Amino acid sequence: MTWYYRGAIDFCNYQCGYCPFAKGKVSPELLLQDERSLVRFVSAMQQREQEKKDVFLLPYGESLLYVHTMRALAKLAKLEQVRFAAIQTNLSLDLQQLARVFAEADAKLEKLLLWCSFHPSQTSLDSFLAQCRTLAAMRIPFSVGAVAVPENMGTISRLRQALSRATYLWLNAQDGRCQPYTREEIQDFTWIDPFFSLELSQPKADLQKCDGGRSSFFVEENGDIAPCNIARTRQGNLYAAKEYREATCRSRSCSCFLAYAQRKLDMMEDFFGDTGKLRLPKRHSQPIYSFDIDGTLLDFGAARVEPEIAQRLEKLAEKGLLFFNTARRYAGCHSQIKQLLPFFEGGIFNNGGDIRCFQKAFHHTWAMDKAYIDALPEPKFVAVEKGEPVRAMFKGFRPAIDAARYQIFTDEDSLYLVHKYAGKENALAFLSRLYRVEYDQILHIGDGQNDVMQKIPYRLVHDREQLLQLIDVLCQRT
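As numbered in the numbering used here, the sequence shown has no gaps in its residue numbers, which increase by one up to the final residue, 478.
Derived by calculation from the structure, the hints in this document are not laboratory data.
Check before you lean on any hint, since a few could be wrong.
[What the hints assert, rightly or not] What follows is a list of derived Cβ distance ranges for each label pair:
{"#": "1", "residue 1": "44", "residue 2": "97", "range": "24 to 32 Å"}
{"#": "2", "residue 1": "36", "residue 2": "319", "range": "50 to 58 Å"}
{"#": "3", "residue 1": "475", "residue 2": "448", "range": "41 to 49 Å"}
[Said to hold, decoys possible] DSS-like, lysine-lysine: derived pairs with alpha carbons at most 30 Å apart:
{"#": "4", "residue 1": "420", "residue 2": "360"}
{"#": "5", "residue 1": "338", "residue 2": "52"}
{"#": "6", "residue 1": "395", "residue 2": "370"}
This structure is a prediction, so every number in the text was calculated from the model and none was measured.
Just so you know, even glycine gets a beta-carbon here, dropped at the ideal spot from N, CA and C.
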């Protein structure tokens, strides 16, 4: 069960141009009203003793500036029936004061979850990161987010680089844009947030595929209950009704995270699990092992992987998440690797241009501009996925390229041109964000120059015995 609550506060100490709540004003009367309403809501949650729940406070403004909000969160966190007490914040609060309030209430900070929004025009990157480091030291679970404003791309990219790779950085699509995001902007934001496509999809509202009004409720300050924050319908009142009306919805689409998080979307269920409504993807404890195919898993020209290698890989799959990582097309090597598919989590194909998760609902391609690729000189071979070019291969010469958009990899006598975010190592970096795995929990195994990596650990093996020995060593890790 998930309960969302929005109180009276509509004031924020930040003045972001894209946010309407920067315009409100706070007063002693408003703070007293908010405190009384919040106390009433917390009491209602306390009385629902048999109901296991997450409780998420979603103020229109910045509520963690005020001690009554901290006390409410501490009281919620102390309840046995509450798994997480969560709140959205710009992280401008006094974290030491928050720690004191929780200590006074004898509540565990580990049950507090913060949804931390970064606003580049209002605070410095260094100040925000310092607060994030303090949260980590205090062992407070948190995610970080920002609005996907293209003009802020550089700062948001630096934020992503500075955060722990296990920290999820989510991006909200900017409301009220005069024009749609360009394809390059979408790719840039997807590189930062692998789930950015959810922000753009806006699925059609459908209560048959929604938890809203059944296991998830949105409560206004006066106690009115709705299926979600944009449903524009009322099911009853938390303080007046013993039973609530059947959920209805007047929205055409699920146009924000709080709405589509209630939907039974495959990607949400696969990667977020039971913390999806709190915007906290699952963190995988298993390492990631990626394998080149030709010359590593397969002898060149072999029709299929040797049975002994397949058996060892099946055993290794009990210890980690296995991925193929090759310059080849998926369709071109499928028949040779199909016996391994049941115990491989996914694959990286077309030299990082095509990323697939076989066991989950995820398939992403780093598409290149078709007109640009067509204009490059022959001879070349262009690999296409989803109708878009994702890799071009050249033999015998090196074409001049737009280095700001594309990159070239060398392997044997071939040159591979791919998107700037493609490449075997970049694809593994992308997976580290998708699965919330640190680089030291990733190992790539290959046999050539294209398998040498700069930041992610790798091992080169040059024959069957070296490969089998390495797999045995990995199987013995705990």
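A quick look at each hint next to the structure:
In this structure, residue 44 and residue 97 meet the distance hint of 24 to 32 Å, their C-beta atoms being roughly 26 Å apart. The hinted window of 50 to 58 Å between residue 36 and residue 319 holds, with their beta carbons roughly 54 Å apart. Taken as a hint, the range 41 to 49 Å is violated for the pair residue 475 and residue 448, whose Cβ atoms sit roughly 24 Å apart. Straight-line distance between C-alpha atoms of residue 420 and residue 360 comes to about 25 Å, which keeps the hinted pair within the 30 Å bound.
The straight-line distance between the Cα atoms of residue 338 and residue 52 is roughly 43 Å, outside the 30 Å bound, and the hint therefore fails. Distance restraint check for residue 395 and residue 370: the Cα-Cα separation of roughly 20 Å lies within the 30 Å cut-off, and the hinted pair is therefore satisfied.
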